[in-house]
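Novice: What follows is each chain in one-letter form.
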Amino acid sequence: MRRTLAILVENRTGELARIVGLFSARGYNIENLSVAETLDPGISRVTLVTNGDDAMAEQIIKQLEKQIRVLSATDLTVIDHIEREMVLVHVNAEAENARLEVTKLASIFDAKVIDKSEDGVTVEAVAEGHKVDALLRSLQPFGIREVARGRLAIGRLPVSYPQITQITETTESQLKIVVPV
Amino acid sequence: MAVLVFGVENMISTAISELIPTPTEVREVQRQGQQEEIPQEISGAQILLEALLREGVDTIFGYPGGAVLHIYNELARNQRLRHILARHEQGAVHMAEGYAKATGRVGIVLVTSGPGATNAVTGIANAFMDSTPLVIITGQVPRKMLGSDAFQEIDTVGITRPCTKYNYLVQNAGELADVVREAFHIASTGRPGPVVIDIPKDVTAERAPLCYSETVNLPGYRPNRRANQQQVEQAVEKIVNARRPILYVGGGVIHANGSDELLQLAKRLHLPVTPTLMGLGCFPSGHPLSLGMLGMHGTYWANMAISESDLILAIGVRFDDRVTGALEKFAPQAQIIHVDIDPSSVSKNVRAHLPVVGDAKSVMQQMLDLIECGNPVATARGSDKSAKKLASWWQQIEEWKEFAPLTYEKSDVEIKPQFLCEELYRLTGGDAIIATDVGQHQMWLAQYYGFNGPRQSITSGGLGTMGFGFPAALGAQLAFPDRQVVAFVGDGGFQMTAQELATAVQYRTNTKIIVMNNNYLGMVRQWQELFYDGNYSAVGMQGTPDFVRLAEAYGAVGLRATKPRELSAVLEHGLSTRGVVVMDIVVSAEENVYPMIPPGAGLKEMVLR
Chain F
1 MRRTLAILVE NRTGELARIV GLFSARGYNI ENLSVAETLD PGISRVTLVT
51 NGDDAMAEQI IKQLEKQIRV LSATDLTVID HIEREMVLVH VNAEAENARL
101 EVTKLASIFD AKVIDKSEDG VTVEAVAEGH KVDALLRSLQ PFGIREVARG
151 RLAIGRLPVS YPQITQITET TESQLKIVVP V
Chain X
1 MAVLVFGVEN MISTAISELI PTPTEVREVQ RQGQQEEIPQ EISGAQILLE
51 ALLREGVDTI FGYPGGAVLH IYNELARNQR LRHILARHEQ GAVHMAEGYA
101 KATGRVGIVL VTSGPGATNA VTGIANAFMD STPLVIITGQ VPRKMLGSDA
151 FQEIDTVGIT RPCTKYNYLV QNAGELADVV REAFHIASTG RPGPVVIDIP
201 KDVTAERAPL CYSETVNLPG YRPNRRANQQ QVEQAVEKIV NARRPILYVG
251 GGVIHANGSD ELLQLAKRLH LPVTPTLMGL GCFPSGHPLS LGMLGMHGTY
301 WANMAISESD LILAIGVRFD DRVTGALEKF APQAQIIHVD IDPSSVSKNV
351 RAHLPVVGDA KSVMQQMLDL IECGNPVATA RGSDKSAKKL ASWWQQIEEW
401 KEFAPLTYEK SDVEIKPQFL CEELYRLTGG DAIIATDVGQ HQMWLAQYYG
451 FNGPRQSITS GGLGTMGFGF PAALGAQLAF PDRQVVAFVG DGGFQMTAQE
501 LATAVQYRTN TKIIVMNNNY LGMVRQWQEL FYDGNYSAVG MQGTPDFVRL
551 AEAYGAVGLR ATKPRELSAV LEHGLSTRGV VVMDIVVSAE ENVYPMIPPG
601 AGLKEMVLR
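Heads up: the sequence lines are chains F and X, in that order.
Taken in order, the first sequence gives residues 1 to 181; the numbers are from the numbering used here.
Taken in order, the second sequence gives residues 1 to 609; the numbers are from the numbering used here.
Worth flagging that the hints you see were computed from the coordinates, not collected in a lab.
Note that the structure is a prediction, hence the values are computed from the model and not measured.
Don't be surprised by glycine CBs; every beta carbon is placed ideally from N, CA and C.
Check before you lean on any hint, since a few could be wrong.
Far from chain X by the CB rule (all over 12 Å, computed), these chain F residues [stated by the list, open to error]: (1) 1; (2) 99; (3) 116; (4) 130.
In silico EDC-like cross-links for lysine to aspartate or glutamate, where the CA-CA straight-line distance does not exceed 20 Å [claimed, not checked]: (5) F/62 <-> X/342; (6) F/66 <-> F/15; (7) F/62 <-> X/320.
Excised from the complex, chain X in its bound form (with noise of 0.2 Å):
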């Protein structure tokens, strides 16, 4: 249904492009004079929609307020473009992050000038972080006005410059419809990124012909897809000539959409795969060639594996602390590969042997044509020659699962929060998009939840969002109405973002926001029980509300938990009922994340228990 409805409005925004002069028409119909009609004039405010349609727009997240005024007297009007009311601006933008890391098209947001913009930024650097592709259009006060400490001025463009990929302040209606362009580009093309647009109020009035120019005029900006020919093939060499190699893939695979090609690259050569919190789901979890994630609570093996390989393939990851560990201890007998399309991230926090600039996709085809009719080194060696080959080292790998697996102490007294993922990832089958914080209910979930497939996981990784995952799942969930979306928070997060409740029953979707309630700031307590001898200092939340009543309030559907038996019954009831239902699941309040490296550590110095 919502593909039909996006197929149509794709044909008329096609067809209205089809009838958009370009600049050299303009020139000659200008030149023309009386015989033909100088181009319509139209605001600002329609320039801006018309350029949001060109580019396949279908819903916009925003929050109305006086600057943006004329944009939503249009957009009331416009029957093609679906406005998202969020409840604060915050949501608003990791509603449209949601929805670009579900369906991997570029979210829009639209939020007025001054407190809407700031209140825009915590969700425009969370996107900034994970590398997820935005745009979003801020009002501004009039022109004239600019720098005079108008009411409701702040200079945005200057606030956001080190969060965005980049931003623009417009400074005429003639140029937005390009200046549109241009941010869809440059947020959706190499290591995607949020672009922010200012446009100040008399803009948005101002009368201009809507006409774009030809091309995108960005000659300094030039990411490379395929990457150099030669550095694939000494890549491929050394992984075929590795003896204990492994795949350290993240959230980069997932933007190139290169997950088949990572499956075949993994099946061919047997390698093992761990995958970052970014990644999870781009390498199927249940596969017997996956280790699990990797990092400060990854699985042992996992950071075994990496620590004691001789050769890294890392696609579209960042060497992220809380991967790595401590640096200096870090795999210290690994030749290390680097594919990303960022060149600054290559070399940038772990010195890379042989880095490989180029998109993950097009890099691991590169590499597959290799392997199978290219370079006579890894033709030699098919998939059953590799999995000989590597034998000791996934015995070894084996060896390590053995030793320690993800465990905990099951309880029939109190719900485990580990138990809460795996009853979660049972009654869903591993299928469901799932939106998650950041703190303890996150790193349980990368555990204990196995992502069959890409753009399930949303989660806020680099910036550590609490109260993201709500909004995001929301964002997921108005893209794609008919899957089964959940929000998995905790009762920290979940409070700093509630109010979407009101989002997400106005348009009648069907979340299901599972709190996984322990009464604490679960991961900022555990350190404090690990680090500071347990002297707890503002971690308890006394005062929480009563969820369910709390969803009550807003039409929706509570649900509560507190002992094992009752888990299934109320998850099952809580998924499959329709409309918005949160379920606040009762856990055991002081159980700890395991495994775990402590601060400053290296992986292989992991505490297990």
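In isolation and in its complexed conformation, chain F is listed as follows (with noise of 0.2 Å):
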């Protein structure tokens, strides 16, 4: 079964190898993973896609929170929430009419042309990753030269997991989270 985490880490040198490690040590594949800061330029938040049944999310979100600069982590999958993918793609359309239909064949699924060249286009779409996946079919029988994909995710409001916008000063290891009104 695919899963999403939504991990909150110490945006420090060294602990996204640490995170990925958890996973390439027991043998899991990571499908997607894409991580920037929060609100807090110290919070990096990492979403990552994998594939395992609960057992092996159970333990895993076990493994993560057990790091010592992880400071939650949490299955999305099993709670409401909201998942989309981005994606970039380069698309051969040298002729006019073919990059009248490509523009066309965007707007269907709500995507965009947002560069051109003598040869191609490039298209612009943001999703759920199985209409990613559909746009990607219709766009490959131009010919697609080039895919960028990353995907993101956020439980639904009211969200029922720890949300830790902001690390305030701590005592002996002691978490105070600051959580938004």
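Taking the hints as your guide, dock the two standalone chains into a single complex.
Specialist: What follows is the structure in structure tokens.
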């Protein structure tokens, strides 16, 4: 089963390697990974897509939470959540009518043509994963030169998992978290 | 004597720490500018040593090299830190682990970059698997050369990431004191473990003021010492209502110093207790409630009892495959209460019906408090009532014990390894600190040597490292110079770290080494005999040196026994001789360890002989 995990971790050198290492050491593949800092530049949010059963998910969440600098790890798959994938794709389109056709196709998927050159265009889309797959399948006949995809996910409001937006001054490893109202 | 010296050192380090300005004070001083002097800057190497002293360190096990020259330069001038020069970095880490296991304090290692660090990795992994608190300081090439494949450069934080609790690559001398402080906090709290601090050479030369942050800032690290009271209440209720309960206890009880609470809890509820290999000594072996070790080479009655139990109270254990046998056949009727400080240990191998996350000692204390005064169900059943209620369960256990006691064929021609363990027990009264490697000798010692108390058995459990026992014994001996410390090793394992004889002699220790010599890699040979039709492959140790002359070459005493009638005289003489003594005990070559659970079988499918 496909799993989407949301991990909050201190934004420091080596911490991503530590997280990724937990997966590779167990022979789990990572299908998608995205990392960026949160409102607090000291905290990064990691969205990670992998495959595994419930027991695997429970164990990997525990292992993630065991990491010294990981603040929280949540399996979004089992809670109500929103997931979006972004894709950037270079498509062959030399002839004028090919370009028109790609643009028309893109609009069906709520996608946009965002750049062009003499022999091709670049399409951007943000959608659910299966829609991105469908868009790519439709574009394939034109000839796809390059694809870049990335996935993000967030729990639906009101969220039930811990939200850490800022670390305050702490004493003796006591976590004080600021939850937005 | 040692305690006194440590006390004085502690006072010195406290005095120094009072002089150390906090960052606020440093800023304050800086703001005042001319009026007061800016705190004196000292080198990274000096900061490191001061930070170690502040943590109460008295002994460092290490091996010098290019990247740690600045540190060694300061170490030579420092009267308050004792450095023990090992003969191989692996030996240094095992010594630090022996020291940490025997004392309960953090063991310290100092090695150089590249090969120094890679040689240390086996020791670090061993400490990681057995949850031993260590801080390992590794040298690194200067910052500017990082990633350039410089001489003796290796990505130490990369290599040690999967086998440490945490690791650091120090970026500048200013953060060094805080890193050391955090490292000790991480290594010694929660589920203990090794922490590596990798320090580039130029950082140890860089000058910075010595200052600490006021607090350890680890927002994501919050080990849970006290368990949820409701869960403890549920646990107590389950225990007192069980008809066939058993306490399954391990290394976590020793790490938490929870032996007293365990004894009280077991006595109060009249519970049978079975320790794991890592838990040996956490409950007195000779106590009538002790069933002896369980698992692959555990006692028949301990394995039967856990298999037939209706309630397992597991404390500080991790349901290792060497304990459970085939998981699908493990204790099918039992409700499992799993007490552990590490939530990721709970339900990892065997699903717990009731998880209790907390420190073993405090959870047992919570349970005792409930039993003594709080919980009406528990209080209603005093220890007499528990004894009465569990009478038929205990009778059943006694029957199993009578059916298949631990036994071996006695001989007056060859020394039986089991007899060696019994004799060692008789001569030391179960009070010695004994360190072992991995293999047959380790299992026989676990079966036939009754450890009286915690921190006496020091063994390589999780990683199963040959060559661990001797240096670990040496580390324990250096912590307790006046106690009887024995390295009980096989002829194969001893040859992996025998070079540490030089260390043992250099520091005038009293360490005793008993080599159980069957001239085989015994446990591998046993498996080849039982599961590979006796096709012995690479297990004969032709070319083994004469251990008596080897000892003498190092300036130690060598003794040998080959006949049963010689054994007690050799052991008695060897154990009472001052200095380092190697006792080469030639035992029957093809003796097997029984009972044994064949690989893939359940605990009840033991091979008794």
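Novice: None of the hints should be skipped; say for each whether it holds.
Specialist: Verification of the supplied hints:
Against chain X, the non-interface label of residue 1 of chain F holds: every CB pair exceeds 12 Å, the least being about 19 Å. No Cβ of chain X comes within 12 Å of the Cβ of residue 99 of chain F; the nearest lies about 45 Å off, and the non-interface call holds. Its beta-carbon lying about 40 Å from the closest one in chain X, residue 116 of chain F satisfies the requirement of being farther than 12 Å from that chain. At the 12 Å boundary, the C-beta of residue 130 of chain F stays outside the reach of chain X, the nearest C-beta of that chain being 33 Å off.
Distance restraint check for residue 62 of chain F and residue 342 of chain X: the Cα-Cα separation of roughly 9 Å lies within the 20 Å cut-off, and the hinted pair is therefore satisfied. For the proposed pair residue 66 of chain F and residue 15 of chain F, the alpha carbon gap of about 13 Å is at most 20 Å, so the pair holds. Proximity of residue 62 of chain F to residue 320 of chain X is assessed by CA-CA distance (about 18 Å); at most 20 Å being required, the pair is judged to hold.
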